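Listed below, chain by chain, are the residues.
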Amino acid sequence: RKEVEQDPGPFNVPEGATVAFNCTYSNSASQSFFWYRQDCRKEPKLLMSVYSSGNEDGRFTAQLNRASQYISLLIRDSKLSDSATYLCVVNLRDAGKSTFGDGTTLTVKP
Amino acid sequence: GAVVSQHPSWVICKSGTSVKIECRSLDFQATTMFWYRQFPKQSLMLMATSNEGSKATYEQGVEKDKFLINHASLTLSTLTVTSAHPEDSSFYICSAGGGLRETQYFGPGTRLLVL
Chain A
1 RKEVEQDPGP
11 FNVPEGATVA
21 FNCTYSNSAS
31 QSFFWYRQDC
41 RKEPKLLMSV
51 YSSGNEDGRF
61 TAQLNRASQY
71 ISLLIRDSKL
81 SDSATYLCVV
91 NLRDAGKSTF
101 GDGTTLTVKP
Chain B
1 GAVVSQHPSW
11 VICKSGTSVK
21 IECRSLDFQA
31 TTMFWYRQFP
41 KQSLMLMATS
51 NEGSKATYEQ
61 GVEKDKFLIN
71 HASLTLSTLT
81 VTSAHPEDSS
91 FYICSAGGGL
101 RETQYFGPGT
111 RLLVL
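In order, the protein sequences belong to chains A and B.
Residues in the first sequence are numbered from 1 upward in steps of one, following this note's numbering.
Residues in the second sequence are numbered from 1 upward in steps of one, following this note's numbering.
Derived by calculation from the structure, the hints in this document are not laboratory data.
Only a predicted model underlies this, so the values are computations on that prediction, with no experimental measurement involved.
Keep in mind that a hint or two might mislead.
Now the in silico label distances, taken between C-beta atoms and shown as ranges [claimed, not checked]:
{"#": "1", "chain 1": "A", "residue 1": "P110", "chain 2": "B", "residue 2": "L76", "range": "38 to 48 angstroms"}
{"#": "2", "chain 1": "B", "residue 1": "D65", "chain 2": "A", "residue 2": "N55", "range": "42 to 52 angstroms"}
{"#": "3", "chain 1": "A", "residue 1": "N12", "chain 2": "B", "residue 2": "P108", "range": "25 to 35 angstroms"}
{"#": "4", "chain 1": "A", "residue 1": "S26", "chain 2": "B", "residue 2": "D65", "range": "45 to 55 angstroms"}
{"#": "5", "chain 1": "A", "residue 1": "V13", "chain 2": "B", "residue 2": "F39", "range": "37 to 47 angstroms"}
{"#": "6", "chain 1": "A", "residue 1": "Q31", "chain 2": "B", "residue 2": "F28", "range": "18 to 28 angstroms"}
{"#": "7", "chain 1": "B", "residue 1": "L76", "chain 2": "A", "residue 2": "E3", "range": "44 to 54 angstroms"}
No more than 27 angstroms apart at the CA atoms, straight line, and that leaves these computed lysine-lysine pairs for BS3-like [stated by the list, open to error]:
{"#": "8", "chain 1": "A", "residue 1": "K79", "chain 2": "B", "residue 2": "K64"}
{"#": "9", "chain 1": "A", "residue 1": "K45", "chain 2": "A", "residue 2": "K109"}
{"#": "10", "chain 1": "A", "residue 1": "K109", "chain 2": "B", "residue 2": "K64"}
{"#": "11", "chain 1": "B", "residue 1": "K41", "chain 2": "B", "residue 2": "K55"}
{"#": "12", "chain 1": "A", "residue 1": "K2", "chain 2": "A", "residue 2": "K97"}
{"#": "13", "chain 1": "B", "residue 1": "K55", "chain 2": "B", "residue 2": "K20"}
{"#": "14", "chain 1": "A", "residue 1": "K109", "chain 2": "B", "residue 2": "K14"}
{"#": "15", "chain 1": "A", "residue 1": "K42", "chain 2": "A", "residue 2": "K2"}
{"#": "16", "chain 1": "B", "residue 1": "K14", "chain 2": "A", "residue 2": "K45"}
{"#": "17", "chain 1": "A", "residue 1": "K97", "chain 2": "B", "residue 2": "K14"}
{"#": "18", "chain 1": "B", "residue 1": "K41", "chain 2": "A", "residue 2": "K109"}
{"#": "19", "chain 1": "B", "residue 1": "K20", "chain 2": "A", "residue 2": "K42"}
{"#": "20", "chain 1": "A", "residue 1": "K79", "chain 2": "A", "residue 2": "K2"}
{"#": "21", "chain 1": "A", "residue 1": "K97", "chain 2": "B", "residue 2": "K64"}
{"#": "22", "chain 1": "B", "residue 1": "K66", "chain 2": "B", "residue 2": "K41"}
{"#": "23", "chain 1": "A", "residue 1": "K79", "chain 2": "B", "residue 2": "K14"}
{"#": "24", "chain 1": "B", "residue 1": "K20", "chain 2": "A", "residue 2": "K97"}
{"#": "25", "chain 1": "A", "residue 1": "K79", "chain 2": "B", "residue 2": "K41"}
{"#": "26", "chain 1": "A", "residue 1": "K109", "chain 2": "A", "residue 2": "K42"}
{"#": "27", "chain 1": "B", "residue 1": "K66", "chain 2": "A", "residue 2": "K109"}
{"#": "28", "chain 1": "B", "residue 1": "K14", "chain 2": "A", "residue 2": "K2"}
{"#": "29", "chain 1": "A", "residue 1": "K2", "chain 2": "B", "residue 2": "K20"}
{"#": "30", "chain 1": "A", "residue 1": "K2", "chain 2": "A", "residue 2": "K45"}
{"#": "31", "chain 1": "B", "residue 1": "K66", "chain 2": "B", "residue 2": "K20"}
{"#": "32", "chain 1": "B", "residue 1": "K41", "chain 2": "B", "residue 2": "K20"}
{"#": "33", "chain 1": "B", "residue 1": "K14", "chain 2": "B", "residue 2": "K66"}
{"#": "34", "chain 1": "B", "residue 1": "K14", "chain 2": "B", "residue 2": "K64"}
{"#": "35", "chain 1": "B", "residue 1": "K41", "chain 2": "A", "residue 2": "K2"}
Idealized CB from N, CA, C, for every residue including glycine.
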């Protein structure tokens with residue numbers, strides 16, 4: 001079993017749709033969680049951190065469920081520019097390194 | 001956010017050539033940097049953790065003699081792909097931060113094509 005697993009995708013949605021991605025992690029000692037966005041042939045860029053209390057940034061909402069060991073990303077009112085691969089990232093603080101999911105590809109169509 | 005640069009952005013070389021990639025943190029000091037490799041349509045795979053002033057920590061399956069890492073200062077880490085072969089062709093990305101800083105900032109990546 002992979003340490004971090006994401007919805008396989010791809011997700012193809014029309015503009016304005018709401019789309020949700022889930023990510024599960026296997027190590028209960030995981031300490032911090034992030035969503036990154038990676039555009040084609042580019043480096044990943046931090047989208048948002050994920051906290052137990054949940055956090056929202058505009059159209060994006062991230063939530064963490066420690067008991068079930070999953071995190072989620074909700075995108076409301078999808079824009080064409082949201083088309084990208086979304087990477088779930090989990091850190092083990094003591095290990096000092098991150099584990100990436102395989103990514104979920106989102107394509108928003110007009 | 002912090003800025004991390006990589007150089008070069010593109011490399012095309014003949015098989016057997018050694019290729020050196022630089023990763024610089026431009027506006028902060030990074031005691032730890034990470035080197036990743038990404039093949040098409042696959043996730044980032046951590047190759048090694050670069051520690052300033054000490055030896056790098058390599059992930060299982062990554063040959064330390066083939067992928068030489070030097071982290072000589074708090075702002076520079078280098079990855080040298082020795083005697084590159086076509087199967088080494090990939091997208092190499094460095095990042096700085098992580099650990100106590102938690103958030104990682106990625107360089108723009110280096111595309112290596114070995115002919």
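Hint check:
1. Our hint of 38 to 48 angstroms for P110 (chain A) and L76 (chain B) holds, since their Cβ atoms are close to 44 angstroms apart.
2. The hinted window of 42 to 52 angstroms between D65 (chain B) and N55 (chain A) holds, with their beta carbons roughly 44 angstroms apart.
3. The hinted window of 25 to 35 angstroms between N12 (chain A) and P108 (chain B) holds, with their beta carbons roughly 28 angstroms apart.
4. As the Cβ distance of S26 (chain A) to D65 (chain B) is approximately 31 angstroms, the hint placing it in 45 to 55 angstroms is violated.
5. For V13 (chain A) and F39 (chain B), the hinted distance range of 37 to 47 angstroms is not satisfied, since their beta carbons lie about 27 angstroms from each other.
6. Checked against the given bound of 18 to 28 angstroms, the beta carbons of Q31 (chain A) and F28 (chain B), roughly 21 angstroms apart, stay inside it.
7. The hint said 44 to 54 angstroms for the Cβ distance between L76 (chain B) and E3 (chain A), and at roughly 30 angstroms that hint is violated.
8. For the hint linking K79 (chain A) to K64 (chain B), the alpha-carbon distance of about 43 angstroms lies beyond 27 angstroms, and the restraint is violated.
9. Between K45 (chain A) and K109 (chain A) the CA atoms are separated by roughly 22 angstroms; this keeps the pair inside 27 angstroms, and the hint holds.
10. The hinted pair formed by K109 (chain A) and K64 (chain B) fails the criterion: a straight-line CA distance of about 44 angstroms is larger than 27 angstroms.
11. Under the criterion of a C-alpha separation no larger than 27 angstroms, the hint pairing K41 (chain B) with K55 (chain B) is inconsistent with the structure, at around 31 angstroms.
12. Only pairs whose Cα atoms come within 27 angstroms are accepted, and K2 (chain A) paired with K97 (chain A) is accepted, the gap being roughly 16 angstroms.
13. Note on K55 (chain B) and K20 (chain B): the hinted pairing holds, with a Cα-Cα distance of about 17 angstroms set against a maximum of 27 angstroms.
14. Only pairs whose Cα atoms come within 27 angstroms are accepted, and K109 (chain A) paired with K14 (chain B) is rejected, the gap being roughly 41 angstroms.
15. For the proposed pair K42 (chain A) and K2 (chain A), the alpha carbon gap of about 24 angstroms is at most 27 angstroms, so the pair holds.
16. Using a Cα cut-off of 27 angstroms, the hinted pair K14 (chain B) and K45 (chain A) is violated, with the two alpha carbons roughly 31 angstroms apart.
17. Of the pairs offered as hints, the one joining K97 (chain A) and K14 (chain B) is violated, with about 33 angstroms between alpha carbons and a cut-off of 27 angstroms exceeded.
18. At roughly 21 angstroms between alpha-carbon atoms, K41 (chain B) and K109 (chain A) fall within 27 angstroms of each other, so this suggested pair holds.
19. Distance restraint check for K20 (chain B) and K42 (chain A): the Cα-Cα separation of roughly 20 angstroms lies within the 27 angstroms cut-off, and the hinted pair is therefore satisfied.
20. Among the hinted pairs, K79 (chain A) with K2 (chain A) is inconsistent with the structure: their alpha-carbon atoms are about 31 angstroms apart, more than 27 angstroms.
21. Note on K97 (chain A) and K64 (chain B): the hinted pairing holds, with a Cα-Cα distance of about 18 angstroms set against a maximum of 27 angstroms.
22. Our distance criterion of 27 angstroms between C-alpha atoms is met by K66 (chain B) and K41 (chain B), whose separation comes to about 24 angstroms.
23. A C-alpha spacing of about 42 angstroms is found between K79 (chain A) and K14 (chain B), which places the hinted pair above 27 angstroms, so the restraint is violated.
24. Of the supplied pair hints, the one linking K20 (chain B) and K97 (chain A) holds, its CA atoms being roughly 23 angstroms apart against a limit of 27 angstroms.
25. Between K79 (chain A) and K41 (chain B), the direct Cα distance comes to roughly 23 angstroms. Compliance with the 27 angstroms bound is thereby established for this hinted pair.
26. For a cut-off of 27 angstroms, the pair hint linking K109 (chain A) to K42 (chain A) stands: about 21 angstroms separates their Cα positions.
27. Annotation: proposed proximity of K66 (chain B) to K109 (chain A) is violated, straight-line Cα distance about 43 angstroms (limit 27 angstroms).
28. Note on K14 (chain B) and K2 (chain A): the hinted pairing is violated, with a Cα-Cα distance of about 35 angstroms set against a maximum of 27 angstroms.
29. At roughly 31 angstroms between alpha-carbon atoms, K2 (chain A) and K20 (chain B) are farther apart than 27 angstroms, so this suggested pair is violated.
30. Note on K2 (chain A) and K45 (chain A): the hinted pairing holds, with a Cα-Cα distance of about 22 angstroms set against a maximum of 27 angstroms.
31. Note on K66 (chain B) and K20 (chain B): the hinted pairing holds, with a Cα-Cα distance of about 12 angstroms set against a maximum of 27 angstroms.
32. Among the hinted pairs, K41 (chain B) with K20 (chain B) is consistent with the structure: their alpha-carbon atoms are about 24 angstroms apart, no more than 27 angstroms.
33. With a CA separation close to 16 angstroms, the supplied pair K14 (chain B) and K66 (chain B) stays within the 27 angstroms bound.
34. Proximity of K14 (chain B) to K64 (chain B) is assessed by CA-CA distance (about 21 angstroms); at most 27 angstroms being required, the pair is judged to hold.
35. Distance restraint check for K41 (chain B) and K2 (chain A): the Cα-Cα separation of roughly 17 angstroms lies within the 27 angstroms cut-off, and the hinted pair is therefore satisfied.
Consistency with the previously given hints fails for numbers 4, 5, 7, 8, 10, 11, 14, 16, 17, 20, 23, 27, 28 and 29, ordered from lowest to highest.
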